[in-house]
Each structure stands twice: as C-alpha cells, then as structure tokens.
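Please model the entire structure based on the sequences and the hints provided.
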Amino acid sequence: MSVSPPAAPLLEFRDLVVRYGSITALQGINIAVHTGELVALLGSNGAGKSTTLRAASRLLPLAQGSIRWHGGDLGRVSTERTVKLGLSHCPEGRRVLGRQSVKDNLELGAWLRKDRAGIKADIDRCYGLFPRLAERRNQLAGSLSGGEQQMLAIARSLMARPTLLMLDEPSLGLAPKLVAEVMTTLRQLNQDGLTILLVEQNANAALAIAHRAYVLEAGRISLEGSAQDLRSNDKLRASYLGA
Amino acid sequence: MDTTLLQQMLLGALLGISVYLPLRCGQLSLATPGFYAIGGTVAALLSTRIPALGGDGVSYPISSVLLEMALAAMVTGILALGIGKVVLRLRGIYLAISTIALVEILRVVSLNLSFTGGAIGIFGIPQPFASPEGYVGFTSLLLAVVCWLCDRLERTRPGLAMAAIREDELAAASQGINTANTKLLAFVLSALVAGVTGVIAAHFLNSWNARMGNFDASITTLAFVVFGGTRTWLGPVIGGLVLTALPELLRPVGDLRLIVYGLVILMGPVLFPQGVITPERLSRWSRMLRQRLRLEAPTP
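From first to last, the protein sequence lines are chains U and C.
If you count by the numbering used here, then the first sequence holds residues 34 to 276, one letter each, in order.
If you count by the numbering used here, then the second sequence holds residues -14 to 285, one letter each, in order.
Warning: the hint list may mix true and false statements.
[Unchecked claim] Sample of chain C residues at the chain U side, in silico, Cβ under 10 Å:
#	residue
1	Glu139
2	Gly144
3	Glu152
4	Leu155
5	Ser159
6	Thr164
7	Arg216
8	Val245
9	Gly247
10	Ile250
[Claimed, not checked] Distance windows between CB atoms, simulated:
#	chain 1	residue 1	chain 2	residue 2	range
11	U	Gln221	C	Ser268	32 to 42 Å
12	C	Arg242	U	Gly79	48 to 58 Å
13	C	Leu75	U	Lys147	26 to 36 Å
14	C	Phe108	U	Gly108	52 to 62 Å
15	U	Asp157	C	Ser268	48 to 58 Å
Don't read these hints as lab results, they were simulated from the structure.
Since the model is a prediction, treat every value here as computed from it, not as a measurement.
Don't be surprised by glycine CBs; every beta carbon is placed ideally from N, CA and C.
If you want it as structure tokens, here you go:
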C-alpha cells in the first residue's frame, strides 16, 4: 500500500458500482469515513446498505469504481487481508455460531491473530464490556437471547482488533431498551478511539450517536450531512423518522 | 460373524468418513465412489500389469500395496484439487448434482477405455493376504489411523475453520477464514480416503470394474453419514459398519429384508435428526459408563 497524504479518509468508496448478475445494487456511491468518526449509513430495505459493507469486506466483486483504505486500493484484496488490515465486518442478523460456546465464538473473531496473550486479554476486555457474555461464557451461543447474541456478534468483531468496525443493523429484532443499550456501547467504543461505520434502518437510534450520516435510496446516496442536520431534515423526517 | 462381511463393514466405515469430511465443512459432495473407483483402478492396473511389483498370481507383497496406496492418494488428490477448485464454487444441491455427474463421467470413461478392461474390468488381482483375516487386520489398522487423523483434525485450525464454515459460511468468511481453501482441503482429504480405500477393496474383491463407483454407491455412502451423524468422525464409522452389515444380518427375514433396511434408513433421521452419534450423546454415554463403573467398584 502506498504512503498516503494525511488527509486521505480511513475508508472511502469512490463511484462504487456493484451488480448481482444483471441487477445493479449500487449505482456509483461515494462515501468517506475518517479516522475517529462514527458514520451512519441509513436507508430502507433493499437500498444497498448491506451490499456496501459486503463490498468493503471484499465478499462481493466490484463492477466499477473503487474502495480505498488509507488511500490504497482494496479492489484486489481478499477478505482475509481486509481483516488483517483492520477492517472488521459484523454481518447482519448476528450470525453467531450457535453450536459453539460464547468463548469459542470470541476466539473465532481472533482467527488471524497469533498473540495468545493479547487474545486472552481482549476476551477479558469483551467480558468487561458485555458482562452478560462473561456470565454465559461456556454456554452455547445458540442458547443466548437475541440481544445477547448481538452483543456476542459485536464482541466477536472486536476480537480482530479492528481500526474500523462496520456493523450491519445491530438493532435488528431487538427491544427498544436493548437498542439503546447497543447504541450506548457503540458510542463508548467510538469515544475510546474505534472508527465505526454503522448501517441502520433505525434512523433515530443511529442519528442519536453518529457524527455524520449518508442516506441510501435504491443504490444511490440521496442525502448526506452531519447527524444534527439530518435529524432536522424534512425529507428524512418524512421517510424514516416517522414525524 | 463372517470375516468377509466384517471386511466389507470396515470398507463401509472408511467410505463413510470420506463422505463425512466435506460435510464437516457443510459441503454435500457425493464424489466418494468416483475417487474410490479410481483408487481401485490404480491398484488393479499396477498389480496386474507391472510384474516388478511382485504379483505372481498367488501372493503379493504388502509393500507393493502400500506403494499403490501412495500412488492412488496422489492421483485422487491431484484430481480432487483440480475438480474441487471448480465444483466447490457451487453450493448445496448444485454441488451434490455436479459431484454425482463426476462419478457418472468417471464410470462411463472407465467403461469405454480398453486399458481399464472396459465393461469386463480387470480380473485376477493378486492377493497380499492369504485369508480374509489378513484383510480385516490391515483394514482395521487403516481405519484406526484415519480415525485418529480425523480426531486430530477436529482440534486443529483447519478443523475449527471447517466447523465455522459449516455453521455459517458468511460469518466465517467475515472473520478472515479462507473459506475456499478450507473447503478444498476437506474435498481433497475426502478423495484421499476414498482412493486409498479403493486400493484395498480391489485386492480384496479380486476383480475391479466400472460399476464399482456408480450413483447407487453415492447414495449408499451418503446414507452411512445420515444414519451415523455428521458431527464427529465416529458417526460415519458407526453408520458405515451398521448399514453395511444390516442387509446381510437381515437375510433370515427373506424378502422383507430390503424393506426393513429401507425402514431403518428412513427412521434414522426421524428418531435421530442429527444422526445416531452426536457429541452430546457421546458425553452422556461416557458419563453413564463412568457412573456404572464407580458403582461396581468395591468401596475400600
């Protein structure tokens, strides 16, 4: 990767086009996430939010445009490599390994790391962050409640020691109280120095903690701006905030 | 029990493991009989065509059998590597269909080549062991080694990666597991086990032909795994042993035998959805056994 000017965003999507066969899911989107930011990507079902994250973690081929990490091209990089570079993807729907214990799931998150002592310390750090996981460390992940599984999924992504964490709808299927809890945790992680790209349908919850946000509509960015501006944006209020 | 049947059961157990290895990784491959047929063909050709290996029509050195096994492993391994790279891009039922096609292609090719004996096959494959007992001993040893390796595999990184892929391929991939290579490894290991098993089978059966690897064999070997379970290596071993023995043991019931056999295969998944052998059931059995032993032990 080339030496980049200091102003280069940590993660940048440039005119990105992604297709599933003949269907174009992303029609040339531009998104920039700078170090230290918490950026939200909002939009309804099928807008292309998950596709954006999957493209960034190189689970999908890019049709046109590029994805840049510290200014370097991610186009020919494998998923393994993105994880090594510090880009962690927490996929939609939690996807914890139900027949393995909480601890085994956390260890899976540290798959590419070799520092045993560091891994152990980070597992303890995750237990500190999510005490309920500590209580259930030897339980099968499939026996956890939805909220606990979401916490496990986030903790598992943290085990890779990412510089940037991409979360796909962490509020999905959670009770409002748990949504608030998850969002508070994300804000805490961000304040501790983790850059976050948060995909959400729950615009209210996401805008409450984000610095900036983008709105995806049918594969295009239709709105972008600071979270504060977007919260008072009439168009967004009408379509997502239910006001 | 009849030693010949015991030998067939052991071969069944080995084929069960071959089907189980890709399934551990969530891949339903039915290619096992194809690689089994190749292994047998390698053994049949070498032992009948190359006098230097020591086949004199009566006896055959075991060292030559080992050499055949090494060569069969190489041939099936390389073939699996090439084919796996392509077919493993398919998932679920599509992978199953394409591996069935592979087995059929191999069968038809072997049927039409003159050096594999065409429809007649190859006869008079020399015998390394004078009696079935010798085969049983040798095959038991091989099965033990394969089981030990599977047990080791389940505790190592590739084994853990396979388990993660089987549970959730996307989750595994997003944590940085190289899913393509892991699936390929499982597919190649499966081919190696099938190929090596074919070598022993060819000597044991004395003749080898294109019908050894066909669609029926794909389904039968799959039944071993469905019945025994896919969560530990012991499942397909038990499945292979039991389901190979069953048709023979059921001979006394006459014409009903295939019906009863079918019922067992059908009831297996109904009564034991994850197969007869699961890790949970194993640990429960071992707990019960330990308790029983403790009760029987005289108190000092």
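Here is how each hint holds up against the structure:
1. Glu139: violated, 13 Å
2. Gly144: violated, 12 Å
3. Glu152: holds, 4 Å
4. Leu155: Holds, about 6 Å.
5. Ser159: holds, 5 Å
6. Thr164: holds, 8 Å
7. Arg216: holds, 8 Å
8. Val245: violated, 33 Å
9. Gly247: Where the cut-off is 10 Å and the nearest Cβ of chain U is about 30 Å from Gly247 of chain C, the hint is violated.
10. Ile250: This interface hint is violated because 25 Å lies over the 10 Å limit.
11. U:Gln221 to C:Ser268: 32 to 42 Å: For Gln221 of chain U and Ser268 of chain C the Cβ distance comes to about 39 Å; the hint holds.
12. C:Arg242 to U:Gly79: 48 to 58 Å: Between Arg242 of chain C and Gly79 of chain U, where Cβ atoms are some 55 Å apart, the hint holds.
13. C:Leu75 to U:Lys147: 26 to 36 Å: holds, 33 Å
14. C:Phe108 to U:Gly108: 52 to 62 Å: holds, 58 Å
15. U:Asp157 to C:Ser268: 48 to 58 Å: violated, 28 Å
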